[in-house]
Each structure stands twice: as C-alpha cells, then as structure tokens.
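Novice: Each chain, written out:
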Amino acid sequence: MDPFSAEGELLNIHNAFFQGQYDKVIEHDTSSLSASNQTAAKVFKFRSRIALGEFEEVLAELEGEEEPELQAVKALAKFNTEELEAAVEDIEELATASGDNATVQVIGGIILQRAGKTDEALALLSQHQGSLEAVSIIIQIRLAQNRLDLAIKEVTAAKKWAQDSLVINIAEAWVGLRVGGDKYQQSYYVFEELAQAVSTSSTRTLVGQAVSELHLGRLPEAEVALQQALDKDKSDIPALANKVVLTALTGGDTAADLSVLEAEDSSHPFILDIAEKNELFDKAASKYAAKVAS
Amino acid sequence: MQRLTKFESKSSRAKGIAFHPKRPWILVSLHSSTIQLWDYRMGTLIDRFEEHDGPVRGIDFHKTQPLFVSGGDDYKIKVWSYQTRRCLFTLNGHLDYVRTVFFHHELPWIVSSSDDQTIRIWNWQNRSLICTMTGHNHYTMCAQFHPKEDLIVSASLDQSVRVWDISGLRKKHSAPTTMSFEDQMSRNQQQQADMFGNTDAVVKFVLEGHDRGVNWVAFHPTLPLIVSAGDDRLIKLWRMSDTKAWEVDTCRGHFQNASACLFHPHQDLILSVGEDKTIRVWDLNKRSMVQTFKRENDRYWVIAAHPEINLFAAGHDNGVMVFKLERERPAYNLNQNNLFFINKEKHVRSFDFTKNVESLSMVSLKKLGSPWIPPRTLSYNPAERAVLVISAADGGTYELIPLPKDATGAVEPTDSKRGTGNSAVFVARNRFAVFTSQNQQIDIKDLSNSTTKTIKPPVPINDIYFGGTGNLLLCAASSVILYDIQQKKTINELPISGVKYVVWSNDSLQIALLSKHNIVIVNKNLEQISTLHETIRIKSAAWDDSGVLLYSTLNHIKYTLPNGDNGIIKTLDQTVYLVKVKGKSVYCLDRAAKPRQIAIDPTEYRFKLALVKRNYEEMLHIIRNSNLVGQAIISYLQKKGYPEIALQFVQDPATKFELALECGNLEVAVEMCRELDRPQLWQRLGAEALNQGNHQVVEMTYQKLRSFDKLSFLYLITGDYEKLKRMGKIAAHRGDYMSRFQNSLYLGDVDERIELFKEIDLYPLAYVAAKAAGRTEEAQEILDAAGVTEDQVKLPSSGTALAPLRAVSDTYKANWPLKATSLSFFEKALLGQLEDLKIDDETPAPAANGFGFEDDDAEGESRRANGNLMDVDDEEVDAAGWDMGDDINLEDASESFVDVQSGDASGVGASEADNWARNSGIAADHVAAGSFETAMQLLNRQVGAVNFAPLKPRFMEIYQASRTYLPATEGLEPLVNYIRRNPDVTDGRKVLPFIPKDVEAIRAGELQKGFSAMKSNNLAEGVVAFKNVLHSVLVTAVSTKDEVEDAKLMIQTATEYITGMSIELARRELPDTPENAVRNLELAAYFTKPQLQGMHKALALIAAMKNAYNRKNLSLAGHFANQVLELSAPAKMLDNARKIKAASERNPTDALEIEYDQYAEFDICAGSFTPIYSGAPLEQCPFDGSKYQSSWKGKVCAVCEVCQIGAPASGLRLLAA
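First to last, the protein sequences are chains C and L. Quick note: the first sequence uses full-length UniProt numbering, first residue 1, plus one each step. Quick note: the second sequence uses full-length UniProt numbering, first residue 1, plus one each step.
If you are wondering where the hints come from, they were derived from the structure by calculation, not from laboratory data. Keep in mind that the hints are not guaranteed to be accurate.
[Stated by the list, open to error] Calculated lysine-lysine pairs in the DSS-like style (CA-CA distance at most 30 Å, straight line): (1) L:1041 x L:952; (2) C:183 x L:171; (3) L:417 x C:159; (4) C:160 x L:1041; (5) L:582 x C:153; (6) C:232 x C:117; (7) L:405 x C:153.
Start from the sequences, fold in the hints, and give me the full structure.
Specialist: Okay, structure coming up:
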C-alpha cells in the first residue's frame, strides 16, 4: 500500500511537508509508525530542518549513514553549505548507484536542477515509479523552462492516477498561474483552501494565495495575505520577494522592501535579476550616450 | 409532476375535443351547438362551425384527409371539410342524441354511439350506414375503434362495457379476394350469428363491474387493456385475451361521476376527469393515484390526448384547456465539444461534436426524484467529470454524480451526493452553488457536499445561473443580477423580467438571456448590447463562433446579430433545443432528448455579420462563393446604407440603375441607362453626373435627351469651343434661329450673329450688331441692302462691344477630379476587385463605347493606384514597426521554429515575457518584458529619446511589477510567473504585462504633487514632480483611446508647468544686482506665458505685475494687471491689481527696455528662456512638444530631459494594438 495514500500512516507528515508546515513535520510523533515507514518519515524531518536552515546540524547528525535515502539528504544539506560541488558529485554517484530510489530521485532532481544540470535532473526524475513529488518537480522544471505544454501534459497524466493528491493539486495550481484566465481563480482556490484553514495554513500557502491574487489583479486582498504570511514569519523570503512586487504594482517605492529582501537572501533570483537589469539598462542606455553629449 | 397549461379557451360547456394529428389545432364541440377550431399554439380561434341544432357531443379529425365528423343532440352526424369550411353531408339514422363519433384509423368508417342504445358504423365515402350494433339496453355513451384490431369497445348506462368483434364487417366490405374452402369453413364456424342472424359485428365480451352507468371507455394503444369511467366514480382497468376479458383493478379517488378517461400514449399512466372538477393521473402498474389537478368551479366532461405530441386537452363547464404533464426540455449542458444530456430513460449520455457520436449511457438516474418527473437541469464539471442534476421532485432536489471514465451502460451511480435545492450550478472547479427558493438561500458547497459559504440574495430570486468565474447570475422576477460570490456583492443589475434561460457565448464574453418572448444580449459584465422580441415562444439559443446568436422558437430557427438584426434560418416541424452551432450545422436535442444535426445555410447571417463588422474581405468571399441574391438582401443592404454592395447582387437593370445612382457609381448607371434608354432615367443620370462634375456623362445624357441649349451651355462653361461651334452648325441645320443666336453669343461670333439677323430680316439688329462690333463695311452693306442712309438711323452710343468670357482652363479635357477618400479603404478594395471581376465576366469593356470614358477609367485606375500607394505606405509603416523589434523577433522566431521542430522533446521555450515584447509595440510592455534595449529603440523612434538615465526608476519600477515569485518545491528556486494586465486572456499571442501607475494613478499621484508644490511655492520640488509625470507617462500603457487623450493632455500640462517653473527658478537664481534687472523682469514676464491653471496663472501674473511695478515699468505692470483682473484671484490681489492699473494708466511708461512684446504672439524657448516670435524658426521636443530656438536642435530637451530636440519621431504609442 502506498504509505502516502489517504489511508497511509505517512499522509499527515507528507501533507504537512508539502503545505510548508515544517515545524509540524519536525514535531510529528513518528514512534508509532511501522518500521518500513520510519526512513521516509526521517527523510521528511531532515528535509524540513534543511528547509529551516539547519544544514550543519543535519550534516553532523547524518555523518556515516549508509542508507541511500539519508545519503541523499546529506547531499542536500551539503549543497546548501559551502561544499556545492562535492554535493553534486555525491548525488551523481548516488544516482548511478541507486537511481531507483524515490528519495534519491527527488533530492537528486532538486540538486541537479539547482546546479544547472537540468537534463540530468529530468533524466533522473523520469525514472520514478509513481512518485508524486518527482512528478511535481518535473512540472516545476518544465515551467522553469517555459515549456507550459509539457507541464500541462505531466499534470494531466498525473491526475489520471492521483486525482486527489495534495502534491498534484498544488502542482496544478503552479501550472494554472502560467496559463492564466480562469485558471488563475482555480489556482487561487487551491492555495486559499489551504491557507485559510487553520490546520493547513503556512507562509508557503499564504504566499501562494497572495501570488494568485496578484495575478487576478486583487491587490488589497493580496496585501492581506502577504501580511498574514509575514505575521507568521517576518523574514519569510518568498513573502518578502512578493512584497516587493506588490509595492511595485501599487506604484510605491520598492527600495525599502528590496533592502529587506537582500538582507535576508542576497542571492534571491529577484535580487540577482534586478542587479542584472540595472546593468543591462546602463549598457543599453550608453548606446545613446553619444547623442546625449552632442 | 406538474400540469403545464399551454392554452385555455373560454366558452360554454365543452363536450367533445379532437386534436389534429399534424397541425397545432384542436376542435371543440360545445353544448351551445357550436364547433370551434382553435390554434392552440397561437391561441387564436381559426373557425366556427354552426350547423348543428342543440349540443354537439362527438367530434373527431380524420387522420389524413381534411375532414372532421361531429355528432349532436339533433340526432345527426355531420362530416365537414375544414378546407372549404362547410358541412359536406349529414348522416341520418340515429333516433336519439349522438354521444360520440370516431373515424376508423384506415377504413372509411365512422363509429357512433347514441342514446338510442345502438352503435352504428357508417361508410363516409358512400355515405351509408353499414352496420348497426344492438345489445346495450340503455344509452350508449361511448364507442371507439381499437387502434389496430377489428374491435370496438363501448360503454353504456346499462353499467356494462362491451367489446365487439367487427372482423366480419371488414371482410364483407373489403375487396373480394379468392377465398379458399378452408377459409370459408373457418369463417363460418368462427362467427356465430347473433340472435338476429347478424354476423358483421358480434359481442365478444361483456364487462360488468361498474355499478352505475359507464360514461367512457378506451383501449390501450398497444396493450390488451381497457379503461372505463363510470357514474360510480370509479375508473376500472380491464384486461382481455383472445378468449376472455376480466377486471384488473379499480382506481378510486373521484368523488363525483367520472366522465372520461384514457391511457397516456407514451407512459404507463391513466388520466381521468370527472364532475368533481378534477383531472387525476394514475399509475397504470400500481393503480395508485400519482397526481390530482383540481379546478375551482368547472366540472370536467371530456379528456383527449394528442396522438403524437405530449399534449392533452380537457373540456369543462367553461371551455377547454390544453396542457402537458411534464417539461419536455431535456436537461443538458454543453462543454466545449461535448454535450451532456439526460435522455428519456433518465440516462446521462454525452454527444461528441467532433466525431458526431453519441456515447452509451453513462449513469442511470432512475432513482433520482419521482419516476414521473424528468430531471430539470444538468450542470457538468469537466475538471471533476461530474454532473449536478436538479429534479423538481420533493420540492426540488439536487444530486452530484461522478461520471464513470468510460461509458459502459446505464449503471447506477455510486458515491453520489444529494440535497434539497431548486437549482444548482458549478461555479468553480471544486465548488457549486445550490439555490433553495423556499428560504431564498444560496449555498456554496464543495465537492464533499459541505457548505463553505451561504449567500442571501439581495432580492427574492427564482433561479441561478453560472455568471463567469466566481460569479452567479441571479434571475429575479423583474431583473437579472450579476453577483460576486467571493465578495458577496452585486456587481451589476439589469432590469429584465422573466428571464428563464441563460446562454453563454463560446468565448465567454457575451450572454443571451432568454425569457418567454424576449432575448436580451448582454456582455459578461451584464451591460446590455441588444434586445429582441418574438411573438412566438423562444425555446433555446446557441452561439455561433463568430458571435451570432442562433435561437429556436416553437417552429423556427432564427439568428440575431450583435446589433439586433435578426432573421429566419429555417422552419421547424418539431420543436428542438439548440445546443451548438458548428459550421453549416446546428446541433440540437429534440423533445425525445435525441441529439440531432440540422443543416443550415449560414450565408445570410455571416454576410450580414461581415457587413456589420465591416469585414469586406469576408463579404467578398461570400459574394463570390455563394448565390446570395434576392430582394431581401438588397433591401437590407440599401437600408443599412450600402448601396454599392447591394449593387453586386442586382440583376434587374432598373433596380441596378437606382442603386448605382444612390452610390454614385456612374459607370454602372450609364450601362444600365443604355439598356433601359428612358428619358427620365437619362435626366436623372445627367443630374447625378453634373453633381459629380463628370461632364462627359452629362454631355452624353444631354445628347440623348436632345437638350441642345443645355449642351451648348455645357460646352461654354467647360470651354469646349470646338463642339460649341458644331452646336451652332447643328442649330443652323435644325433651323433653330434662337439656338443659333445663343451659340453665336456664347462664341462671341459677331459675324455669325449679323448673318443670322440678316437671314431672318432683322436688319436693324444686324446693323446695330455690325456697328457695335465696328464692322463698318458690313454695316454699310446692311444699310445699302435695307435702303436707308446712315443719317436716317438714330443709334444710342454703342460703347465697347462685349465679348463673352472665355474659359480659363480646358475643363472639357478631363472630368472634375473627385476625392477618392470618400470611400473607405476596404470599400475601395471591394469595389476595385469587384470591378475587376466584372471585366472578367463581361468581355465588352465599357471603355469601348467611345464617349470619353477612357478618361474616366484612367481616373478609376489612378484612384486604384492611389489605393495601392496607400497600401505601400501602410506596409512601410508596418515594416518600421517591425524594425524596432527586429533583433528579438528574429531570435524568437527561430526559437519557436525550434519548438515546432522538436515537438514534444524537451528544450527551453519562450517565456511569457518574450511574448509580451512580441505582442506589443509600446515601450512599457517591452520594459516589463525585460527587453530594455528594444524598449529604448522604440522610445528613440517614437519620441527621439536619447538620454535614458532619468527613466531608470520608471524602467525598474515597471520591471519589478511584472513578475511574481511563487515558492514551489522546497529547495528549488521559486517559479516565476508573469502578471498580465489582461488576466482573462490565455492566448499567448494576446497577453500583455501589467504596467503599474496607469494614467489615472499618475494624475492622482505625481501630477497632484506637482500642483501642490506650485501652490506652496516649492518650485524645485514641483519641477521634479512634473518631470516624474512626464517620465511615467512616457513609459506606460493605456487601454482606451480616451486615455490616450488624457495622457496627451497630462504631458501638455506637465510641460507647461516645468517650463514656467524653470523660468521662475532661473529668475530666483539671478543675483539681485542692477545689471540683472532687465533679465530678472524678462523672466518674470515670461513666467506668465506658459498655460498654467487658473490660480497658478494668477500667481505668475501677480508676481510679474509687482516686479514690473517695482522696476517702474508701469505700462507693462498695467498689462499684467489687466490680465490679473480677467482671472478670478483673491479680493486683495484684485485690489492691488486695480491700483496698479490705475497707476499705469496715469503714467504708461516703461523704465527698462526688456524683450517682451505684450502685443505679439510668441513662445518661450524652454532652454534659453527667450522669446520665439511666431514665424521664427523653432524646434520642438518630439515627446512633450516644448519649443526651442532652432540653435537648440539636437540637444536633450530641458523639460523631459530624455528626448532629443527636433529628432525625427513617429509619435508616442501608448495603446497596444
């Protein structure tokens, strides 16, 4: 039986992870779980801690672990520290050794994609056998590649065998935000449903709701949702990034918001992108400099 | 089950009813001796037949012939023709009231029952009585043929029902065939003669069970069943076999005499009526009462069923009513290319329009609601593949049923959810709304059927419909409301009463609201677009892909265009419910809930639509490829003001001539005129040609009309002296002296005139003419000829001879040039192409007829050539537009090419931002796309922008507002999504980015900031604010033309203010030394020139006035004072101004000589702050229009600080095409 299915004992921890409730994952009592699910639960716990930034601790704890799952987690933790290349090497090794392991596929997919090795990531992920998370990562990679058509294909295919899965619902919402039109509203429903229920609410889902509302042009509502997210965690990076966008949308000055974001995450793609565009502007403008002088 | 009354008549007691098998007619025989023929669909009385004496009880239509039969209390049976509207003949024989009459379904027989206790069979072809059946021993109240077999059933007040075998009669009367011996034997044995030796009709069964008289009896249409109604208030059901018949059961319920009964033609139901004023419906299988419909005051006497359509009629004390027992509209829902519907077996099925295949049943709804009530509506959710079905049973119930993946047959639904409600629709992927009318409440439910939200409608409503994403359409009695579920508020309300159905267009932009007799078309915001009224009930509607609404009434399929024009497409013999229009087919469900495909000819409405949309290419296509002719389309075109298009359809020369004149097409008019050759037509052609200055045609018409005078005058004014001379010769030839005289006058030909006078013996005049012209010799000759001497003639002094004015230019050589632009470009294209067509069709070119038409044609051609020129221009402009984005476009193109190539293989696609740049030609959209280079290129070309540094904040602002960052998989980078300003659009070729700070926001923000800075004398800040306005407007996007105007106005305002404020700032920076006094005063004066708003203008003027006054330039001060007084300034200021004005008038001198001419028109150079007098060369900033001395050309504009002064520019674009 699929341990993540509606009857499975990992359902709660699994859903909590994908809803972005990492504290809840870490606090989850796993003592009652059957032995076969212990590792999976552990992986979620470690990944949650990595998500919360406890790279060194996780690394230390996993020292000498042999299970491929835990090694993959270790690589993930390592990737977030200074030893980028080492982590990529580790995971590539793991992928050859135990590429059929779902956790290795998922974490390998994440690390390889982050390292810019998209094709390898996709190759590894496509070996999955019914792993919803793998599917969702494939969808994300496809979207990042601007291959909406392929993303939609993945979603449609996945929905055939995993209709009610939270992971796929969320992935569908991602796709919806690219498609637009009526799909904006549907994506909004997905995030809103999660964000506004106390048991499933998290900064992650609130930001999702806010982003949907930004696309729907409902700026005041988006602001409320973002504020809710920031109330939960005033240094939540996704929320801060979209706060900048919201401020820009309303025509306000984004300098303050940008500096907050930069302070929290100086390598956020938004920050990098803006710096790049700044340069681009100056470069493009300089072409006309001759005329200005005259 | 409900009773839906379709028609009701008022009359005296109705005793007999008959439906026409095909037409919507019903015959009613009345107690008052009248027979009425009604059209129950239109509700009109078609005819009355009044030849019976006393009540008429029996009535029946013949199935195929235009005949009907009636029987009355005058013992007579009459056969009528409804075509000739008279009684054909009367069958006499009954000895008492005739109760019922019926035609046989195939033989030329009539069966009648009478109070004389007999049942008789008549042959209406030879008008004879062929059989009399005796046996009942009281009045026979009813006798009917069996629908198939040779049987008759009769009812009598003797409390019995009898079944008669009439096979003997049939054999006797059918054509003699060779009969074998065996046949004869069997026949002789089988048929026992009755006691009178009659073998034609024998009693087969006597059914006894009623304990009072029996009023009515009827066979079942297919089963061996009989139903009877009696004075014992019972309805009895009997069954028979070949050998016996027996009572099955009794239906108890009527509490007064039951007067008539029948079997439902299609369903297992019995209907009965009685004197207890009720119609009762019984279940044939359970013999239980299903429903009772009670009437207040009237006893029912008779009931009849339509043989085919689901209609019944019941006669009562005060007339008849026609009704049906169930809604026949099948429940259906269209989803893209699939139709989901519920058929008569209550199975959910789908129909695929792409394959034209009906699926197997998917789910059976047998258990939903009551078995006799069909589901009312169905709503399909494609995301969940589920249907929501509403049934009226139990006060309204809904059921949410997931459909199986594959249709395998009518399985019972599993896992369905249900509840009470009168209407239910899906409003989102996982939400549906349920409306309960009893407590006026709308519940929004999720798929697990739990309520997530409850809404109280703002007014009492009847129904709800899908209203676009997140919205509902609420139908109240007298209005329709668009309601936002999320915000729980009314978005819009439209007063339309009685809306019953709502049909969304395929692109979800328009909605058709259907009520009984009206269709209102609204847009998705519920703003009315058009409305139309039908006299016949409107049944359904479906949208064509092109935005035409097709709708069905009871008997037509019609169309309506967005502008309200409508027309008939097809006549229907059977009511249908339209579901989809696809090409030349209309898909619909008929009343049996079977999908049907009806072929239609969409040419007419497509053509009209093309006309409305001015899509001339499409029109041309239609004209070429279909035989669209006829008076209707011509008069339509004429009425709509397109005679030139109508011209293309006309064959009749007279009409063609009229149309040609109407649209000024002389070429065609001349052609037609030649064909018709009638003076009036030539005259009118001449008048029109004259209006157009086409004097060559005028000349021809005058020639045709032989109006020589007019012709002469025409030659005179066009300067064609050659022809004018010829006119003189013609006049001489005709012997028309008056005309000759006139021509000679026109020509100034004195000799001719003298000659003429001499010819007609007017010597005095001839002499005077010669004398005046100084022809002395000639004059002397005349004198000699007349025999008088010069002395005898007394002449007034002749003065100088007048010669007629000569035409300055040779107008006759060419027609008056016509401006081609009176025709739209498309019209020209159309006409041009059509002319080409014509020339192809008809070989003799009109040019061949040699009346100077070459010129005309040449001009036509040059006109066309002009059109082409314009074309070329357009292309150039287009090309320029492309140039700007060339770089990226090329890249994109190659990328999308790769896309196509690689198909499903992986690879990186173009992002939406790339699409933005591709979709738009305005800089702001390129900025949002991150394509700064092309944005700058655009700005450079549009407004000559070169200095982009000031625009950087605006660029970054727009860019930052273009993308959101959605956290996705933990550990991966967030997903970038693109914010659209048209969020409803999903087509990648139409998406456009959101641009923050629209025109309205700029006006409310920075512009106001600038104004308040001005007011508070914070000029430096003000300049910055206004410059911000310019920079924001320069890189923005608007959605309407009005906004473009707004933006331009704002640019103007900001420019004026920046110029003004900069001048004042420059003045303030001047050290206050005497040598600066002149410059100081000049700048103060210039500050008054920019067009500031009222109060601000006054501030500038007052400052200048004081400055001038202080420097003793009193005259100048007075000039400003005057201007101040014209404005509305505070009282104190006005006072000051008056004083200064007075001082100035006392001493109008200027102490300082400054460069400010108060009387001259001039602009201020925005760079050097010096005057540019009108006429002097100046350069402008291509963006803000500020003016500069010509020496400033090529510099960066001081106002906007972005654009190059005097740079070539195509103009700012703000509206994305």
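Novice: Hint numbers the structure violates, sorted upward?
Specialist: Structure breaks hints 2, 4 and 6.
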